[in-house]
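According to UniProt numbering, the sequence shown is numbered sequentially starting from 1.
It is worth saying that the hints were derived from the structure and are not from the lab. Hints should not be assumed to be uniformly reliable.
[What the hints assert, rightly or not] Simulated pairs of lysine-lysine, DSSO-like, Cα-Cα distance not exceeding 27 Å:
no. : residue 1 : residue 2
1   : Lys-82    : Lys-25
2   : Lys-86    : Lys-112
3   : Lys-82    : Lys-44
4   : Lys-86    : Lys-25
5   : Lys-135   : Lys-112
[Said to hold, decoys possible] Derived DEER-like restraints, expressed as beta-carbon distance ranges:
no. : residue 1 : residue 2 : range
6   : Ala-64    : Glu-10    : 47 to 53 Å
7   : Asp-34    : Leu-74    : 22 to 28 Å
8   : Lys-44    : Arg-14    : 35 to 41 Å
9   : Ala-116   : Lys-82    : 27 to 33 Å
Note that CB positions come from ideal geometry on N, CA and C, so glycine has one too.
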Amino acid sequence: MRVTGFSADEYRPRDDEPFMNPRQKEYFRRKLIDWRADLLDESKTTITGLQDGTRNIPDVADRASEETDRALELRTRDRQRKLVAKIDAALRRIENGEYGYCEVTGEPISLKRLDARPIATLSLEAQERHERREKVHRDD
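Kindly produce the complete structure, drawing on both the sequences and the hints.
Quick look at the structure:
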């Protein structure tokens with residue numbers, strides 16, 4: 001993932017700075033925009049590959065393998081589409097001044113977590129609680 005305008009050596013958000021200061025917001029905004037661009041480039045490649053891959057394969061086993069590969073590509077593309085939607089939502093939160101704050105508690109999400117997962121909407125603690133609840137309900 002490329003972050004234009006900021007090199008890894010040049011700037012990294014730090015805990016000793018005011019949380020979500022303009023420089024941090026710009027860092028995450030650019031990181032999200034670059035990630036989005038990478039995903040869209042990959043999707044164009046996938047679409048081109050799927051269009052080019054439409055051919056008549058006489059061997060049944062080869063055709064089945066080709067169809068399995070296409071289905072996998074389509075599932076991957078769907079996951080990427082959902083990820084782009086989450087990136088767009090994160091960019092809107094930056095614009096609204098809500099980015100970096102937990103949707104459940106309103107507390108700041110750690111910079112380390114945001115750097116690793118810039119689309120995070122929950123603090124680590126809130127995410128763990130959510131996953132525990134999900135597991136309990138899934139086991140029912």
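Hints versus structure:
no. : hint                          : in the structure
1   : Lys-82 to Lys-25              : 23 Å, holds
2   : Lys-86 to Lys-112             : 19 Å, holds
3   : Lys-82 to Lys-44              : 15 Å, holds
4   : Lys-86 to Lys-25              : 17 Å, holds
5   : Lys-135 to Lys-112            : 25 Å, holds
6   : Ala-64 to Glu-10: 47 to 53 Å  : 50 Å, holds
7   : Asp-34 to Leu-74: 22 to 28 Å  : 25 Å, holds
8   : Lys-44 to Arg-14: 35 to 41 Å  : 36 Å, holds
9   : Ala-116 to Lys-82: 27 to 33 Å : 19 Å, violated
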